[in-house]
Amino acid sequence: MKDIRIKLGKRVRHLRSVRGWSQEALGEKADLHPSYIGGIERGERNVSLVNLARLAEAFQLSLAEFVTFNGDRLLKGESLKQLITEDVTADEALAAAFYSTFCRNCDNLRMLQKYKEIMTRSRGPLRSRTSPEQE
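With our numbering applied, the sequence shown covers 132 to 266.
Some hints could be false.
[Stated by the list, open to error] With beta-carbon atoms standing in for the labels, derived distance ranges: (1) Lys141 x His164: 16 to 26 angstroms; (2) Glu248 x His145: 36 to 46 angstroms; (3) Ile249 x Glu155: 16 to 26 angstroms; (4) Gly169 x Glu248: 15 to 25 angstroms; (5) Tyr167 x Gln191: 13 to 23 angstroms.
[To be verified] SDA-like cross-link-like pairs, simulated, lysine to any residue; straight-line CA separation at most 25 angstroms: (6) Lys138 x Gln191; (7) Lys138 x Leu194; (8) Lys160 x Ile137.
Hints in this document: simulated from the structure, not taken from any laboratory.
Treat the numbers as computed from the prediction; the structure is a model and nothing was measured.
Ideal Cβ placement from N, Cα and C applies to all residues, glycine included.
Could you put the whole structure together from the sequences, leaning on the hints where they help?
See below:
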């Protein structure tokens, strides 16, 4: 699980840096203490599902987008299941709904990426095309 915390920390730091935000600014937007943000970025903190949602909202991303980086999900299915189970054991319906929505969004993202790859291959490089009259 430590490697997931490291990846999440890098993701948070990257998104924050790209926006030019300090840890304090992100903390205000996500309603989290700046030292907690620092702990996340260093991979020292276990982030709850609620706080993942707060961070995603602060960055104006869906949870699926937030935990996807360069096309790779930070949290694979089993790791995500474990995180949800640890964090939301009191409300199994919430955990099941979140997991279902997350997986559906990731499936949609994968389908869009495949579609983009297929369209790029089928079209080939862009070339100027001449009309039959010009040939």
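Hint-by-hint comparison with the structure:
Look at Lys141 against His164: about 20 angstroms separates their beta carbons, and that is inside 16 to 26 angstroms. Between Glu248 and His145 the beta carbon distance is about 24 angstroms. The supplied range of 36 to 46 angstroms is therefore violated. In this structure, Ile249 and Glu155 break the distance hint of 16 to 26 angstroms, their C-beta atoms being roughly 45 angstroms apart. The hint said 15 to 25 angstroms for the Cβ distance between Gly169 and Glu248, and at roughly 38 angstroms that hint is violated.
The given range of 13 to 23 angstroms is respected by Tyr167 and Gln191, whose C-beta atoms sit roughly 20 angstroms from each other. Proposed proximity of Lys138 and Gln191 is supported: the alpha carbons are some 19 angstroms apart, at most 25 angstroms. Using a Cα cut-off of 25 angstroms, the hinted pair Lys138 and Leu194 holds, with the two alpha carbons roughly 15 angstroms apart. Simply put, Lys160 and Ile137 have alpha-carbon atoms about 22 angstroms apart, close enough for the 25 angstroms limit, and the pair holds.
Hint violations for this structure: numbers 2, 3 and 4, all remaining hints satisfied.
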